[in-house]
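**Q** Sequence:
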Amino acid sequence: MPRRDDLHTILIIGSGPIIIGQGCEFDYSGTQACKALREEGYRVVLINSNPATIMTDPEVADRTYIEPITPEAVEKIIEAESKGPYPIDALLPTLGGQTGLNTAVAVCDSGVLEKFGVEMIGATRDVINRAEDRFAFKQICLGCGLDVPRSGIAHTMDEARKVLAEVRLPVCIRPAYTLGGTGGGFAFNIQEFEVIAARGLEYSPVSEILIEESVLGWKEYELEVMRDKADNVVIVCTIENFDAMGVHTGDSITVAPSQTLTDKEYQLMRDAAIAIIRAVGVETGGSNIQFAVDPVSGRMIVVEMNPRVSRSSALASKATGFPIAKIAAKLAVGYTLDEIPNDITRETPACFEPTIDYCVVKIPRWTFEKFPDADETLTTQMKSVGEAMSIGRTFKEALQKGIRSMEVKRYGLGLDSNDKWLKSVRKPAKDEAKNAIPDDTPFPIEESKLCRKLSVPSQGRLYYIRYAFKMGWTVERIFDLTKIDPWFLTHIKELVEFENELVAAAEDTPPASEFIRAIARRERAYRLDLGQATELVNTLEKGEVDSAYELTTGGVSTSDMSAAASLDALDLSSKNINKYGHLIGL
1 MPRRDDLHTI LIIGSGPIII GQGCEFDYSG TQACKALREE GYRVVLINSN
51 PATIMTDPEV ADRTYIEPIT PEAVEKIIEA ESKGPYPIDA LLPTLGGQTG
101 LNTAVAVCDS GVLEKFGVEM IGATRDVINR AEDRFAFKQI CLGCGLDVPR
151 SGIAHTMDEA RKVLAEVRLP VCIRPAYTLG GTGGGFAFNI QEFEVIAARG
201 LEYSPVSEIL IEESVLGWKE YELEVMRDKA DNVVIVCTIE NFDAMGVHTG
251 DSITVAPSQT LTDKEYQLMR DAAIAIIRAV GVETGGSNIQ FAVDPVSGRM
301 IVVEMNPRVS RSSALASKAT GFPIAKIAAK LAVGYTLDEI PNDITRETPA
351 CFEPTIDYCV VKIPRWTFEK FPDADETLTT QMKSVGEAMS IGRTFKEALQ
401 KGIRSMEVKR YGLGLDSNDK WLKSVRKPAK DEAKNAIPDD TPFPIEESKL
451 CRKLSVPSQG RLYYIRYAFK MGWTVERIFD LTKIDPWFLT HIKELVEFEN
501 ELVAAAEDTP PASEFIRAIA RRERAYRLDL GQATELVNTL EKGEVDSAYE
551 LTTGGVSTSD MSAAASLDAL DLSSKNINKY GHLIGL
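First residue of the sequence shown? That's 1 in this note's numbering, and the numbers climb one at a time after it.
If you are wondering where the hints come from, they were derived from the structure by calculation, not from laboratory data.
Capping the alpha-carbon separation at 20 Å, the derived lysine to any residue pairs in SDA-like fashion look like this:
(1) Lys453 / Glu369
(2) Lys370 / Ser458
(3) Lys493 / Met471
(4) Lys409 / Leu462
(5) Lys453 / Asp480
(6) Lys483 / Thr379
(7) Lys370 / Lys409
(8) Lys35 / Arg63
(9) Lys264 / Asp147
(10) Lys35 / Thr336
(11) Lys409 / Thr367
(12) Lys264 / Ser297
(13) Lys483 / Leu462
(14) Lys229 / Arg130
(15) Lys83 / Pro71
(16) Lys483 / Glu213
(17) Lys35 / Tyr86
(18) Lys453 / Lys493
(19) Lys264 / Met300
(20) Lys229 / Pro341
(21) Lys162 / Arg199
(22) Lys229 / Ala279
(23) Lys35 / Leu7
(24) Lys449 / Trp473
(25) Lys162 / Phe188
(26) Lys229 / Asp338
(27) Lys483 / Ser258
(28) Lys83 / Phe116
(29) Lys229 / Thr124
(30) Lys483 / Arg466
(31) Lys449 / Phe479
(32) Lys138 / Arg150
(33) Lys229 / Pro2
(34) Lys470 / Pro486
(35) Lys138 / Ser207
(36) Lys83 / Leu7
(37) Lys115 / Glu72
(38) Lys449 / Thr377
(39) Lys229 / Leu337
Given the sequences, and given the hints that come with them, work out the whole structure.
**A** This is the structure:
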């Protein structure tokens, strides 16, 4: 299907300032889209209130307005452009996150687009309403034969109390048209319900909240889906949340591709996602659809849908090498998936679903130290301010790299100079023992405190899981407290066991080079950092450790292939890994 020649100038609404729940992911997506549209010969007009973004660089758009992202500002821009030789023909609202989407909806509802003859492309007003309106989306899912949580819609506190009487506590409260779960949360008693429901009604632009049955502890998955005007649909990526339902996906460690889905479950989820995007009516572009699965019964429910390029879209793009925002922009101007080439393989079109043979882990970054009065408990309202992404051959390797990338002065999971366990068990400096880690030192964390740390999601829970394994806790016991899938817990346990093996081996004080070689051979699967080895054998000279590592670990190169090495990658986006397992150029 040829590109649309009836359009000349396209307006893109940016995401605005970087705030909690909204960061550079949308700048990444918007920049991609602007460049893609200009490559096709369209004139791009951009509005964004944040001059620090890449999107607002002079070469990204033909005309850039640094203005507040409000319906009034957008109206003035459309009016001003209408007086020039090239008035705005279309508005692309799906690339500026929830801020851009809500602003586009308000501009459309005010009649401005109709007044100036501006068409909304990528997602129409009706499509946005069907996806963002909680009640409308629920009815669409039921119409597709899909399961959804028992729920009800409320616009006032009286309506909310009536819904609560039917759904029963505990409940999850989700405001409509908000970003990062703003205003929502879980209510376990009537006092919490009154506070969260009132807050949700206040934060929702349309004063609407969805009150649904609690699915705390269920496994959460996300699917990135794309559709074109010819009804071609592809699943770009499946993302699995490390933390169970109850923690916002922006605050959860996430893994791509999903690690614990059976093929049968994946096919059911894939069919459901395709049915939803067709029923909602997203004709051009990408959508993020979230599911929850009961780990006991296997019951699958639809959680929600974002009819736009989302935070997870940026992760999926980098994980698979499939540029979602770029392709979404081209789909919006008339192209079909089979007409857009894959930039990496240059042999397959965009309708070729990406396949990856590596593991990608995203770890959120919080700054609670800057907000002393903030509640560190992780809920359905996003609190992280950034994230790190890592690529590895295995989950263990990617997890270790992700932790090292967090800028929290940790080499990885364990064997770290800033690790509380290591500090607590080290002997005094006067002791000349080489490894300085005696086995009989009691662990300082009380069991009751550790139970609380594991059962209540917070920024440090991953490290407390390690502490629990150090204390001899089983996977089953930790799962009962955290509801984190046993597959992930087992891999963390194996990292801890490997650490214990290294501690035991270090006690035998073999020759330094021989010991480091033994670490290096095993670390190919576990990807320990040089600093972790140095902490273990802290009496070695740095040069001796360095040369021993160099003998057994060389630099390697990896790429976002998008085809699991079944095709050659022809671009220059390969990512070098140095001999210590660090990613260069990510």
